[in-house]
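Q: Read off the chains here:
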Amino acid sequence: MSATNRPTPSPCSSPLTLTLAVSVLLLAGCTAVPQNRRVHLADPMMSVGDDPIETYRKQKLYNTREGAAGGDGAASGGGCGCQ
Amino acid sequence: MSPSRFVSALVALAAALLVLLPVAGARADESIFDPNRDKLHLDSFDLALTGYSQRGNGYQSQAGPPGGPGSQALTVWEPIGYFVLKKGQKLTIRILAPFDMVTAASPNAIDKTRTDTISQASRQNEAGSIDTSVTYDVSKRTTGTFRGGIHLEEDFRSWNMGLAGTRSFAEDNTTIAAGANQIYDWFDRFDYRGLRHARTQRGTTSGFVSLTQILSPTTVGYLNYGLTEQNGELGNTWNAVPLVSNNYGGEVLPQHRLRHAFVARVAQWLPWNGALKGFYRLYADDWGIVAHTLEGQLYQRFSSLFYARVSYRFHTQRGVDFFHTVAFDDGNFRTADSDLQSFDAHSVGLSGTFTVPQRRIKGLEMQAAYERYFRTNDLDVNVFTWRTGFRF
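Protein chains in written order, with this note's numbering: chain A, 3 to 85; chain B, 152 to 543.
Since the hints were derived computationally from the structure, they do not count as laboratory data. A hint or two may mislead.
What the hints assert, rightly or not - Below are the EDC-like pairs computed for lysine to aspartate or glutamate, each with C-alpha atoms no more than 20 Å apart in a straight line:
no. : chain 1 : residue 1 : chain 2 : residue 2
1   : B       : K513      : A       : D45
2   : B       : K241      : B       : D288
3   : A       : K60       : B       : D197
4   : B       : K238      : A       : D45
5   : A       : K60       : B       : D531
6   : B       : K291      : A       : E56
7   : B       : K238      : B       : D288
Given these sequences and hints, build the entire structure.
A: Next comes the structure, spelled out in structure tokens:
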């Protein structure tokens with residue numbers, strides 16, 4: 003079976019549309035939190051992203067083992083993924 | 152909108168964030184070249200050692216009975232150095248330098264009697280990367296980042312560079328970011344028998360837009376959409392495919408791939424000095440893969456010096472349209488790579504982070520982590536990490 007037999011997902015289909023829709027909902031329901039009420043948000047445990055070493059370790063573990071890994075638009079070095 | 156136009160738009164948006172928005176706020180005395188500014192200094196560095204131990208079988212490996220799945224056993228030792236340098240309040244330079252030492256059963260099984268077989272890469276492969284990023288806080292609300300890197304393996308060279316910008320609004324309650332990256336890989340083409348066929352290449356262009364939103368004094372949300380377009384040789388070139396004729400053949404893959412990924416994260420502070428994080432990712436590409444990933448992380452702080460984390464991740468994917476464990480030799484697309492097959496994957500993790508009080512430096516942080524990854528098509532990986540961080 004050829005890969006071209008299946009319709010190509012459009013950039014305007016689910017992921018992008020979903021991002022925009024959820025963004026609108028996210029922004030619509032929030033109110034500004036002043037700086038002096040963000041003490042809990044400053045804790046390292048509350049970071050919404052991983053630190054660079056953790057990010058790299060996850061890339062190493064998943065990108066070379068899952069065909070669906072990557073594609074997030076994030077920068078990453080190359081490598082044959084021959085593991 | 153075509154992928155290339157989308158990425159071009161992202162580049163333009165990042166450039167606008169970097170250049171246009173901060174102009175009004177920049178002052179001459181804030182120049183990073185001002186000799187009176189603080190000198191470049193080391194702000195922190197981390198040293199980590201990660202070990203990966205993998206067991207399993209896949210039909211792309213020849214390390215097994217003919218026509219059957221072969222071993223995918225491998226061991227990786229990976230020391231990583233991560234350095235953060237700062238100059239004044241505005242300039243931050245980050246350098247990530249990982250090095251890999253890999254032994255793998257799958258490439259090792261390729262016929263080594265061939266003159267031009269994969270040489271040392273089949274038995275032990277050393278690889279190293281240096282990734283640098285330079286972030287400049289052009290104003291209180293705007294940052295710009297330029298990044299570049301190089302990756303070296305025995306038969307493989309890769310270069311990457313990128314540009315990103317962030318802009319915050321509403322007293323930093325909302326932050327948007329956008330960026331684009333370009334990767335170029337240049338490597339030897341070995342077939343499944345170990346014969347080398349000169350050099351080949353692939354290019355990867357990617358872009359993203361993201362939104363971080365403070366939802367309450369204890370809740371943060373994050374959304375990201377990424378688009379990646381790849382062209383060129385998109386396999387490792389030496390994966391095998393069992394054929395109906397009881398022989399092996401090589402993979403036949405498309406020369407183009409367009410990938411979409413949407414990510415949503417939320418972090419919620421818990422009243423007992425804990426935090427709960429949720430993660431969801433939707434992925435789709437034009438090879439036919441559709442995947443969903445869910446992850447939960449629970450943090451608990453036991454003191455100001457120690458916190459622990461437990462995590463669980465579930466990943467399910469529909470494989471590519473042209474996956475076969477036995478294929479016809481008819482020239483159509485084909486792969487037997489278990490990573491491109493339909494499967495479910497589970498991952499459980501545990502880590503502890505301890506801050507050691509110090510007099511001479513701001514902090515000494517130590518972290519131990521373990522993760523076990525296993526999936527339904529016969530693959531499991533144990534990952535151990537030890538990390539020491541110095542804060543100045």
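Q: Now tell me, hint by hint, if it's right for this structure.
A: Now for the hints, and whether the structure bears them out:
For the hint pairing B:K513 with A:D45, the CA-to-CA distance comes to about 16 Å; that is within 20 Å, so the pair holds. For a cut-off of 20 Å, the pair hint linking B:K241 to B:D288 stands: about 5 Å separates their Cα positions. At most 20 Å may separate the alpha-carbon atoms for a hinted pair to count; A:K60 and B:D197 meet this at roughly 17 Å. Of the pairs offered as hints, the one joining B:K238 and A:D45 is violated, with about 24 Å between alpha carbons and a cut-off of 20 Å exceeded.
Annotation: proposed proximity of A:K60 to B:D531 holds, straight-line Cα distance about 15 Å (limit 20 Å). Annotation: proposed proximity of B:K291 to A:E56 is violated, straight-line Cα distance about 27 Å (limit 20 Å). Among the hinted pairs, B:K238 with B:D288 is consistent with the structure: their alpha-carbon atoms are about 11 Å apart, no more than 20 Å.
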